[in-house]
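Sequences are here, hints too, so could you generate the full structure?
Here is how the chains run, residue by residue.
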Amino acid sequence: MGTDTDSRLSQFRKGVVELAILALLHRGEAYGGEIVETLGGHPGLAISAGTVYPLLSRLKKSGVIDSAWRESPVGPPRKYYRLSGTGEAEFDDMARAWAGVTEAMDDLLRNGRTR
Amino acid sequence: MNAPEQEPTEGLSPEALELIDTYFGRVHGALLVAAAGECEDAMDDLRDHVLEELATGAGTSADVTRVLAELGPPEVLAARYADDTPADEPRRLSEIDSVRLHGKVLGMPYDVRVPNSDRIASRWWNPMDPRVFVPRVFGLGWDINFGALAVRVHLVRPDDEDEPFASVPDAVITATLILPSLLVAVTLAMMAIAWPILPASVPSHWDVFGRPDQFWDRGWLVAFLTIVSVGPLAFAGIVQLRRRIALNRVAATAVATFMATLALSQFFQTTSYVHGAEGMVPTFAGIAVAILLPFVLLVVLSRIGRAAEQRHDLHKTTKKESV
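Protein chains in written order, with my numbering: chain A, 1 to 115; chain B, 1 to 323.
Because the hints were derived from the structure by calculation, they are not lab data.
Keep in mind that a hint or two might mislead.
[What the hints assert, rightly or not] Under 7 Å between C-beta atoms, here's a sample of chain A residues computed to sit facing chain B:
1. 50
2. 53
3. 54
4. 68
5. 69
6. 75
7. 77
8. 79
[Said to hold, decoys possible] Residues of chain B clear of chain A, computed beta-carbon distances all greater than 12 Å:
9. 48
10. 128
11. 142
12. 181
13. 199
14. 207
15. 212
16. 224
17. 268
18. 288
19. 314
Please read these numbers as outputs of a predicted model, since none were measured by experiment.
Glycine included, each C-beta is placed from N, C-alpha and C at the ideal position.
So this is what it looks like as structure tokens:
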């Protein structure tokens, strides 16, 4: 039972993690460790460095995000990520789709519970 | 480790082969970063499929271009594969894999497929995969993912390089071969020098207390150490000559360094016995050095790659600011 729930959760998460990263970068650029830390602060997402870095790399390959090394105010230079033009459009699409899904699900779950 | 390729590539022109290599090099590069390793099995199958398709025709460059065009752009193909791979749970892939040549026995991973440079590279240096111990490239057990180890000890960050070692100057990557070559040369020279003083029968195995419990002819020892050191070096040389992607070339050199160091330490273990010393200090020291040398090599090259990326980006920023 526990394993079933775990694998179901992981399926949910897979689709969500990408949107979470895009949402974070939509707010402004961030470096890898910062992304891991911020998303890690949301236990519901259960995101780890092992998930974030390969995904960042994949998003960069597909042109959704850009990265560049920049001097950091503290410590050594860091690789900062930001949304590209296509990334912004992609984020808008995904966010809209997500809002539709959550609205529908909230409605269904609420009705299911109150019945 | 010393049998580089097994594909039915006969009949294909060098240009046709190069087209295939370039294509799969790009798919592999994109896959490595997209799926945290483990995808190379699917890629091996795909490569076989391409070669089978080509076997029915003349195998000209035009045929290759046509077959590869059907697969689509390498990066898109890699992204499609990566989508099917649970990047956040790399462990699961081996669990559901039913191919008998690799899998798990009593909870321990095994793999008896002929190693290739892609598989070696994705296991030995994958800083984006947090697992330090990954299924062994050949045999039973685990290999060290030096990339994960380097991240753990804060020597590199997982995303330091967009593609591992891709920004390292080509000459530097070729020059890495000097390290295992020197080790092999030293091993061969020392065996030649020591030959007259070696007894006819030398230990081939030691018990847990460090006492020899099996012996073999000194000729077998020399032959064995030659094969296990020269074989991986030859393999690394071939990977370099075939101009594989930087990661594969560096990883093959790291493996050759590892094996050459182990061979040298086994030689020292034998000579220390011949000189009457007890214990297995040379073996244990050898294992430590055999792990340390490839680790240092990989980390240094990763740092060089990172520095090149930084120079490129930071230089661009400074130029923009000064405009």
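Against the structure, the hints come out as follows:
1. 50: Status holds, d = 4 Å.
2. 53: holds (4 Å)
3. 54: holds (5 Å)
4. 68: Because about 5 Å separates residue 68 (chain A) from the closest Cβ in chain B, which is inside the 7 Å limit, the hint holds.
5. 69: Check passed: Cβ of residue 69 (chain A) comes within 4 Å of chain B, closer than 7 Å.
6. 75: violated (12 Å)
7. 77: Interface hint status for residue 77 (chain A): holds (6 Å vs cutoff 7 Å).
8. 79: Given a least distance of 6 Å, the restraint on residue 79 (chain A) holds.
9. 48: holds (25 Å)
10. 128: The assertion about residue 128 (chain B) is violated, with a minimum of 4 Å to chain A.
11. 142: Holds: least Cβ distance 17 Å, greater than 12 Å.
12. 181: holds (33 Å)
13. 199: holds (52 Å)
14. 207: holds (40 Å)
15. 212: holds (44 Å)
16. 224: At about 39 Å from chain A, residue 224 (chain B) clears the 12 Å cut-off, so the statement holds.
17. 268: Per Cβ check, residue 268 (chain B) is outside 12 Å of chain A; nearest 39 Å; holds.
18. 288: holds (28 Å)
19. 314: violated (6 Å)
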